[in-house]
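Participant: Protein sequences appear in the order of chains L and Z.
Heads up, the first sequence is in the numbering used here, so the first residue is 1 and it goes up one at a time.
Heads up, the second sequence is in the numbering used here, so the first residue is 1 and it goes up one at a time.
It cannot be assumed that every hint is accurate.
[Stated by the list, open to error] DSBU-like mimics (lysine-lysine), calculated; alpha carbons at most 30 Å apart, straight line:
| hint | chain 1 | residue 1 | chain 2 | residue 2 |
| --- | --- | --- | --- | --- |
| 1 | L | Lys9 | L | Lys57 |
| 2 | L | Lys57 | L | Lys71 |
| 3 | L | Lys71 | L | Lys9 |
| 4 | Z | Lys78 | L | Lys57 |
| 5 | Z | Lys70 | L | Lys57 |
| 6 | Z | Lys78 | Z | Lys55 |
| 7 | L | Lys104 | L | Lys57 |
| 8 | L | Lys57 | L | Lys14 |
| 9 | Z | Lys78 | L | Lys104 |
| 10 | L | Lys57 | Z | Lys73 |
| 11 | L | Lys104 | L | Lys71 |
| 12 | L | Lys14 | Z | Lys78 |
| 13 | L | Lys14 | Z | Lys70 |
[As the list claims (entries may be wrong)] Every beta carbon over 12 Å from chain L, so not counted as near; a handful from chain Z, in silico:
| hint | residue |
| --- | --- |
| 14 | Thr18 |
| 15 | Gln39 |
| 16 | Ser42 |
| 17 | Arg43 |
| 18 | Gln44 |
| 19 | Asn58 |
| 20 | Gln83 |
| 21 | Gly85 |
| 22 | Glu95 |
| 23 | Gly98 |
Keep in mind that the hints were calculated from the coordinates and are not lab data.
All C-beta atoms in this analysis are idealised placements derived from N, C-alpha and C, irrespective of residue type, glycine included.
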Amino acid sequence: NAGVTQTPKFQVLKTGQSMTLQCAQDMNHNSMYWYRQDPGMGLRLIYYSASEGTTDKGEVPNGYNVSRLNKREFSLRLESAAPSQTSVYFCASSPRRLQGSDEKLFFGSGTQLSVL
Amino acid sequence: AQTVTQSQPEMSVQEAETVTLSCTYDTSENNYYLFWYKQPPSRQMILVIRQEAYKQQNATENRFSVNFQKAAKSFSLKISDSQLGDTAMYFCAFEDLGRLYFGRGTQLTVWP
């Protein structure tokens with residue numbers, strides 16, 4: 001009963017390096033999300049995918065790209081990492097789009113990313 | 001842009017006592033959902049309670065209840081009979097157009 005699985009759990013990058021955060025859910029959910037959490041800032045939405053084949057920008061999309069590879073997987077890519085992207089990243093999913101629905105988000109356990 | 005404000009960065013309460021966490025939000029929408037999430041030191045995000053704006057009745061889940069004041073755009077969380085396991089960061093969140101907007105959180109510490 002895995003739910004939402006994120007890899008890796010921890011990562012250290014040097015400024016300018018690139019990497020991809022992986023997220024997969026096994027609940028047959030349509031919608032998936034990427035959030036970042038910074039101290040004192042709560043969670044902020046980076047990108048989301050309401051359904052397979054669609055992606056939309058959230059509050060803080062700059063410096064990131066996403067791919068909804070299939071219904072299960074939603075990856076987040078940092079093309080050229082910057083120290084400002086040091087954060088904890090959460091992937092989440094919901095059965096369908098939250099708008100006006102009775103759904104809730106199911107969260108992964110997070111990825112701690114440090115950019116030096 | 002939607003905003004969610006949690007004015008209490010930290011709170012503490014003694015075990016078995018009651019504590020209320022505050023949350024206000026700003027929106028021009030008439031129907032929407034509000035949530036409280038709990039994040040213990042394990043970092044896992046756990047849904048505590050949910051409220052739909054058009055419902056007059058305040059939501060309750062066991063020891064957790066909300067005081068939803070739509071006109072005042074206020075959504076506070078009351079935890080009764082606090083337990084040590086309630087120690088966590090608590091986030092208020094507002095749903096709009098399919099996105100969740102989170103407040104900055106309140107760190108709650110329950111002490112024996």
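Participant: Taking only the CA atoms, is the gap from Lys78 of chain Z to Lys104 of chain L under or equal to 30 Å?
Facilitator: holds, 20 Å
Participant: Does Lys57 of chain L sit within 30 Å of Lys78 of chain Z, going by the straight-line distance between their CA atoms?
Facilitator: violated, 34 Å
Participant: Decide if the proposed pair is consistent with the structure: Lys14 of chain L and Lys70 of chain Z, CA atoms, cutoff 30 Å inclusive.
Facilitator: The given pair, whose Cα atoms are some 47 Å apart, is violated under the 30 Å limit.
Participant: Hey, Lys57 of chain L versus Lys71 of chain L, does the alpha-carbon distance stay inside 30 Å?
Facilitator: The given pair, whose Cα atoms are some 18 Å apart, holds under the 30 Å limit.
Participant: Quick check for students: does the CB of Glu95 of chain Z sit more than 12 Å from each CB in chain L?
Facilitator: violated, 5 Å
Participant: For Ser42 of chain Z, is the shortest CB-to-CB distance to chain L above 12 Å, so the non-interface label stands?
Facilitator: Its Cβ does come within 12 Å of chain L, the nearest being 8 Å, so this is violated.
Participant: Is it true that the CA of Lys57 of chain L sits at most 30 Å from the CA of Lys14 of chain L?
Facilitator: holds, 25 Å
Participant: Was Gln39 of chain Z rightly flagged as not at the interface, with every chain L Cβ beyond 12 Å?
Facilitator: violated, 8 Å
Participant: Taking the shortest Cβ-to-Cβ distance between Thr18 of chain Z and chain L, state whether it exceeds 12 Å.
Facilitator: Thr18 of chain Z is indeed farther than 12 Å from all Cβ atoms of chain L, at 25 Å.
Participant: Gly85 of chain Z clear of chain L by more than 12 Å, beta carbon to beta carbon?
Facilitator: Gly85 of chain Z clear of chain L: closest Cβ-Cβ about 18 Å, beyond 12 Å.
Participant: If you draw a straight line from the CA of Lys104 of chain L to the CA of Lys71 of chain L, is it 30 Å or shorter?
Facilitator: holds, 18 Å
Participant: Are Lys9 of chain L and Lys57 of chain L close enough, with their CA atoms no more than 30 Å apart?
Facilitator: This hinted pair holds, its Cα atoms lying about 24 Å apart.
In summary, the numbered hints that this structure violates are 4, 12, 13, 15, 16, 17, 18, 22, 23.
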